[in-house]
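Protein chains in written order, with the numbering used here: chain A, 1 to 699; chain B, 1 to 699.
Mixed in with the good hints there might be a few duds.
[Unchecked claim] With a straight-line Cα cutoff of 25 Å, these simulated DSS-like cross-link-like pairs (lysine-lysine) come out:
1. B:K37 - B:K561
2. B:K650 - A:K644
3. A:K538 - B:K650
[Stated by the list, open to error] Take a look, some chain A residues computed to stay more than 12 Å from chain B by CB distance:
4. I66
5. E114
6. F150
7. K154
8. E155
9. V160
10. K191
11. L267
12. E360
13. L361
14. F397
15. E505
16. P525
17. I620
18. G659
19. I695
In case anyone wonders, no lab produced these hints; they're calculated from the structure.
Glycine residues also receive a C-beta, built at the ideal position from the N, C-alpha and C atoms.
2 protein chains.
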Amino acid sequence: MSGLILGLVSSVIAIIVVLLLIRTVLSKEEGTDVMKKIARQIQIGASTFLRREYIYISIVVVVIAIAMLFAKQHFGYTSAVSFLWGAIVSGAAGLIGMSIATRANARTTYAAKESGMKGALNIAISGGAVMGLSVVGIALLGLVILLFAFGVFKETDLDVFFRKLSSINAYAMGASLFALFARSGGGIYTKGADMGADLVGKVEAGIPEDDPRNPAVIADNVGDNVGDIAGLGADLLESYIESMIASMVLAVSVVSLGTMMLAAEELQEVKNIIEIILSIAAAGIVSSILGVMFVKVAARKNPQGALLGGTYVAAVLTMILAAVIIWKMGAPFGNYGKWGLFWSLVSGVVSGIIIGFVSELYTSNSYRPVRRLAESCETGPAIGVVGGLSLGMKSVFIPIIAIVFAIIVSSASAGILGIGIASFGMLVTTGMIVSVDSYGPIADNAGGIAEMSHLPAEVRGVTDHLDSVGNTTAAIGKGFAIGSAAYAAIGLLAAYIVSANLAVETLAISSIKVLSGLLIGGMLPFLFSSLLFEAVKKEAFAMVEEVRRQFREIPGIMEGKGEPDSKTCVDIATKGAIKGMLFPGAIAILTPLVIGILFGPVTLAGTLIGAIISGIIIGIQYANSGGGMDNAKKYIEEGNYGGKGSQAHKAAVVGDTVGDPMKDTVGPSINILIKLMSVIALVLVPMIKGLTGIIWNLF
Amino acid sequence: MSGLILGLVSSVIAIIVVLLLIRTVLSKEEGTDVMKKIARQIQIGASTFLRREYIYISIVVVVIAIAMLFAKQHFGYTSAVSFLWGAIVSGAAGLIGMSIATRANARTTYAAKESGMKGALNIAISGGAVMGLSVVGIALLGLVILLFAFGVFKETDLDVFFRKLSSINAYAMGASLFALFARSGGGIYTKGADMGADLVGKVEAGIPEDDPRNPAVIADNVGDNVGDIAGLGADLLESYIESMIASMVLAVSVVSLGTMMLAAEELQEVKNIIEIILSIAAAGIVSSILGVMFVKVAARKNPQGALLGGTYVAAVLTMILAAVIIWKMGAPFGNYGKWGLFWSLVSGVVSGIIIGFVSELYTSNSYRPVRRLAESCETGPAIGVVGGLSLGMKSVFIPIIAIVFAIIVSSASAGILGIGIASFGMLVTTGMIVSVDSYGPIADNAGGIAEMSHLPAEVRGVTDHLDSVGNTTAAIGKGFAIGSAAYAAIGLLAAYIVSANLAVETLAISSIKVLSGLLIGGMLPFLFSSLLFEAVKKEAFAMVEEVRRQFREIPGIMEGKGEPDSKTCVDIATKGAIKGMLFPGAIAILTPLVIGILFGPVTLAGTLIGAIISGIIIGIQYANSGGGMDNAKKYIEEGNYGGKGSQAHKAAVVGDTVGDPMKDTVGPSINILIKLMSVIALVLVPMIKGLTGIIWNLF
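Bound conformation, chain A alone (with noise of 0.2 Å):
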């Protein structure tokens, strides 16, 4: 019981620092009435928009729950109650981080003013800490309530175990589908009112970014909040969960080589696993504990070397805990020896750093690859463009081989397991990462909030450079999200595999079957890109129409006495991520189960792979593109090529523009697709296992 009972000591102490965090923030000054009155817009914007998002989210999580009890032939009530706690439990964590988040940043903008670097900077990481430790801490108790809840442990039936564990996929269910919405709605959301703002107001009324007259730059910077703090923390919380569900499923075959019939030693073994996993997943909260403390008590000097710091201090930190757990605990187990599991763990992070530090070669304005794409702005923004389009496909390459690296050497170590180990290695620490990419939004904001109340420059200097921090933490962390993606769709869809019992000869690549899924899925994210593309493009619109409609008829606006009609726009916005989002999700959570029923889970399997491979590189592609075309602009914007205001910066626009919803809707999105089919797919196993599929049926 050790393994459970460190976990949830480890939770409950993240919850706690979470709660002590919140009374740290909260007993700050927020500052003058104007910024106050800002603030207040940010939040109830966020809120309202939270509201809203919930409640459509609500239904769809009720109804999938309701058709599961009525399939409980297939599921049973356990995987219902997993599939909504799932949920739950992502839905808590964004409304914890979001609410807190957008109460620190007014603050962050006062320090900045009272305090200077480090007292914002304290600030803004313990806002972001709210939301890593509340995603990692919730995730966890969640998960080790659900084992206590359902008895695994004290099971020594091996059938009754096994269909236990199993029931356990649905909370990983529940939290994907929540995050799907989270991502796609809240990436909709910020990217429709961003491009919108600027289209307006830099590009036809040229007024500068965050400027208050522009009324939709309230909703810009709720955007930011819903999209970049509540969309990533349930995006990591997902990939987290999974991470971990996936390796316990994936512990069962490889104890049992794949039989799926356990003696009492070999359970004895799989228990083992699963109590280390959840042993090295306390280590890695504690840590990350560490870490943010270090970020606090570093802040002091140079903010980079403190975020970038405290990182590291967390992943090295967790690596050794996980060797000294390993060699308490680790015994053989399959084939293979009780060094296995480190092997993958490192093989995970290992890979992890490497996609981390690609993406910032690839979008940093440090390195070549921008500052070409800079310099071909100089030609125009068609040439800007597709220069940016191809700076991403490139970035694909190095990430591929450390992905096929990191799968090769992790099943050496622990054969399919070792595939699930490594993606959790990528995760164990994301309590640091998710404060790291909080803290962002949050820095963002502050700045925000110190041009629209007109504070004195060298505030927006403070929140600037706390900003431009978060930026290059964010591309590592951008990297990380994609990378473990990656590697939990891949560990869902192994554990797929061997829990629907698909003999290995079914799945050659040469079967018409097989062969069929890869088209179908490596199609869908395509689509499903689409579909978010479309529904961006509507909102931006939208939102044009209604800053050119304010601009045109309220009075005195442009001059800064006419007061511009925020909420309208933070409507707009709201109603274009709600309607925006569903029907990309319909496509998400309906075709794995269609596929199943049509075409039989041979083919459902091809078309998880063929999904996730496409998935995953269009991923890593739009990140890559939309980063670094952000970074070729502020690139020029720091005088080169001409600066501001010259041909190449006009271009760097337009390029920017196109690369926002790329890198912040549909590359985000697609990496919550792929995860959320493939653990659908696990889920739906008990319902589809043995079918043939009604279309090879016809033939």
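Assemble the complex: chain A is given as a structure, and chain B must be docked to it using the hints.
For chain B alone, coordinates are given in the frame of chain A:
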């Protein structure tokens, strides 16, 4: 022997018709001195490029042929000879087609001036048919010659029969290698020149397209010929050969039910299937000749109707003849009935038509997608580009479903051979398809010459009309090219798996070896695309600099008094294309070899499938994104959303420029990438068969 004789006779007839058409074209008047001068510049530019390109390709071809001779324990000299022969055949068809096409364009203009629509269409389609019928006539003749020369049909020893048949695989590889360079080199040439010409001419200097003051216009016109005529011809020539070769190899496997051991009566069955394939090819050639004649006769009234009518005549006639052939010559084979081949053919043709229709739906401005895209250009270039990308992504859905269903139907009808036959079904009227496709650029160039020689508006009216008709048929033709490439590649892959004798249980998608291959393969088209985008960007960049320099330095150039220096622009395009094609070409050629040696034949199979899947998808996406953005611009130019010069128009021009390299350089080259990699793998079989792969030995 009847199939061989029919193949020989029909291909000789095709070549005779080509000679007659050449005489017809060359007998026409070329026009005024100005027209002659411009036509001469285009001819010289095209032949200069072709000469240089052929030199580089020859070097690569000879090096590979020598390498094959050095590894003659694996390949034997017959493979090297087949390979050289394939390259020569492709080169010869390209050379003949292009030199006549560049001679037909001024003559088309003059005919438009002297005898109006009918005369002009007559010359343009004759010029196109020279390319179209050369492709099929020379390709089939080449194949028949090899079958005779190697005495394949005389062979009664089973082993030797299969070895001889396999050595002909290299014939397809030679054609494929040639096509890769022709397509990518031509594509870089044409789009670099086009973008360069437009960016300075239309966007900066505000002079119309094809304005003779623009020194890059000649290069642009040369590009239409080398990219759209020679490139497309080589592409379809390759698919045509490959679909036949793959079907022949698969015939062996389907008759022997995968054992590769033939009894004497089974050998007879295989020979009979090959005879049927050759007979149907002969039927396709005869039908294509009749289709071309139909166009010439029907041209009087309505050119659109004439071209489409000719295409339908050829297709329907071929199907009727195929049914007769199968009725007379067919027999049950393997587990399948006599009519299995026919249904496979039909499934290929039907899905090809569906793909063509979807291309039309998404790229013609008669339908909603392009009109909505034009509308979104009103919000500026960024939203326009996003809309164009998303249009292409959405357009992938139906074609993939169509391909999946064709694969299901054809393999249900004739096993794995059915897939080869379906691909052959799409390509059997290649003669007609290439004729119509090559007609387009001739009409386009004719318009350019009319503009540059300041001919009266009504002449330009005729050529514009001919051109716009060409655009519609070109969209359908592009759909066909992609669809057929997809099938041909899948057919080759099946032939590879069968030839390499890979056991079904080793090919499971759950195997790390396969999964690694799928990931690497899926990434390759992205890497390849990015290199081509870079090459186009670089050439366009150089072109822009040069045109700007000439506008600045040549006195009186803008007043039409100074002579623009076209030769330097042609030179820049030629160098850019040659330099740009080498590295991506090397990747395509070397990947199968490197993966085969490092990872072994199983991972190579995974790599091929990964590349085929992502290649098909982004191939379709690029073709339709590019086509959609092009026609959205044209739709606006027709006076919608503000017409020429409006904000929407400027945005659409940016979108069109982004789409140009997608549809004309990268998309088509990816078609060839996937075919080339597959055919190289097939040829490499004797060398890599049974290797375990260096990497897997490490773990």
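How the hints compare with the structure:
For the suggested pair B:K37 and B:K561, the alpha carbons sit about 17 Å apart, so the restraint of at most 25 Å is met. At most 25 Å may separate the alpha-carbon atoms for a hinted pair to count; B:K650 and A:K644 meet this at roughly 21 Å. Using a Cα cut-off of 25 Å, the hinted pair A:K538 and B:K650 holds, with the two alpha carbons roughly 20 Å apart. With 12 Å as the threshold on Cβ separation, the claim that A:I66 sits away from chain B holds: the shortest Cβ distance comes to roughly 30 Å.
No Cβ of chain B approaches the Cβ of A:E114 within 12 Å, the least distance being about 39 Å, so the stated non-interface status holds. Separation of A:F150 from chain B is adequate, the least Cβ-Cβ distance of about 28 Å exceeding the 12 Å criterion. At the 12 Å boundary, the C-beta of A:K154 stays outside the reach of chain B, the nearest C-beta of that chain being 32 Å off. The claim that A:E155 is not at the interface with chain B holds, since no C-beta of that chain comes within 12 Å of its own (minimum 27 Å).
Non-interface status of A:V160 relative to chain B is upheld: no Cβ of that chain comes within 12 Å, the nearest being about 26 Å off. For A:K191, the non-interface assignment is contradicted: its Cβ lies about 10 Å from the closest Cβ of chain B, within the 12 Å cut-off. At roughly 24 Å, the least C-beta separation between A:L267 and chain B is larger than 12 Å, which holds for a residue marked as non-interface. Under the 12 Å C-beta cut-off, the non-interface status given to A:E360 relative to chain B holds; the minimum distance is some 18 Å.
Distance to chain B confirms A:L361 as a non-interface residue, since its nearest Cβ pair spans about 15 Å, more than 12 Å. For A:F397, the shortest C-beta to C-beta distance to chain B comes to about 5 Å, within the 12 Å cut-off, and the non-interface label is violated. At the 12 Å boundary, the C-beta of A:E505 falls inside the reach of chain B, the nearest C-beta of that chain being 5 Å off. The claim that A:P525 is not at the interface with chain B is violated, since a C-beta of that chain comes within 12 Å of its own (minimum 9 Å).
Its beta-carbon lying about 9 Å from the closest one in chain B, A:I620 breaks the requirement of being farther than 12 Å from that chain. Distance check for A:G659 against chain B: the nearest CB is about 9 Å away, which does not clear 12 Å, and the non-interface claim fails. A cut-off of 12 Å between C-beta atoms contradicts the statement that A:I695 is not in contact with chain B; the least separation is 7 Å.
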